[in-house]
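**Q** Going down the list, the sequences are from chains A and B.
With my numbering, the residue at position 213 of the first sequence is 213, and numbering never jumps.
Here my numbering = 1-based position in the second sequence + 1000.
Derived by calculation from the structure, the hints in this document are not laboratory data.
No experiment lies behind these values; they were computed from the predicted model shown.
Where hints are given, some of them may not hold.
[As the list claims (entries may be wrong)] Reference excerpt, derived from the structure (chain B facing chain A, CB under 7 Å, subset only): (1) Val1022; (2) Gly1045; (3) Glu1049; (4) Leu1050.
Glycine included, each C-beta is placed from N, C-alpha and C at the ideal position.
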Amino acid sequence: MTRIAAVADIHVGADSVGRVAAGMRHLNERADLLLLGGDLTRCGEPIEAELVARELADAGVDIPIVAVLGNHDHHAGRTAEVVGILGDAGVVVLDGSATTVGVGGMTVGIAGTKGFGGGFAGANATAFGEPAMKAFVNETRREAAGLHDALVAVRPRADRVIALLHYAPVPETLRGERLEIYPFLGSHLLAEAIDTAGADVVVHGHAHNGSERGVTPGGIRVRNVPQPVIQRAYRIYDLGEPTVREAPVAATG
Amino acid sequence: MTAWCSPATAATPAQRAAIVEVVDELTGGYEVVNEMAVLSADEDGPVEELT
């Protein structure tokens, strides 16, 4: 039994001190790994990252913590400092990269990136026309490519693989949001990357008014875990027992 | 210049003040909630099996 706790959009600011810690006091007993799906801070200020680190420390969280940043964490333009502060607190921040964690007798691989918008098949932005539009779409393409490569890299080293995002890869988890803002909440290019590279589950945030459950066109489960959606401090998912791997048998004859 | 960005369609300072007055009247007694505020934590919840 391998349990992962997941939450996104905790938006820690000066007026939320103590709230995250209060909800995570018993996390160590309930989960083997904590995933943070972006928007950890309100405006991406280093002082807010310090508060996130303090909240996790005050809660006594000592299970592995893996995160991606969200759009709010980029707002102040100080992501390097934010990542450094979180790293010093033991949080592994992924950005088109992957890591593995040994938990519950299995190796869990996490490939993560922030992601970006652009919309979904049939109602999506295309890299045509103004340079600004091309830059918008190319940013999503870059994020999707980074996620794809990270998934491909981690898969051979892991029993289970999780894709961790801030933006949504499918429209199903946006149900409840205004249709007009779907292109700003996610992109189908992220789901294409995941389906092509392969994963066991996708965790994302960003869609505060969305729905928790969805699935990629390739059949991979997607879970949207902002606190306003899950209505609790975190959600726990059970990845099950480790798979017994058999060594390849050499051909004879 | 198109109609929707013409200065002629913008509210005057007096109109803005009147709007603020009406909004204050309508929202009086209600607490303004920061939608980004973190919810109070509820740790207990079902575990979903993804096996």
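**Q** None of the hints should be skipped; say for each whether it holds.
**A** Going down the list of hints, with the structure as the test:
| no. | hint | verdict |
| --- | --- | --- |
| 1 | Val1022 | violated (25 Å) |
| 2 | Gly1045 | holds (5 Å) |
| 3 | Glu1049 | holds (5 Å) |
| 4 | Leu1050 | holds (5 Å) |
Hint 1 from the list above is the single one not met by this structure.
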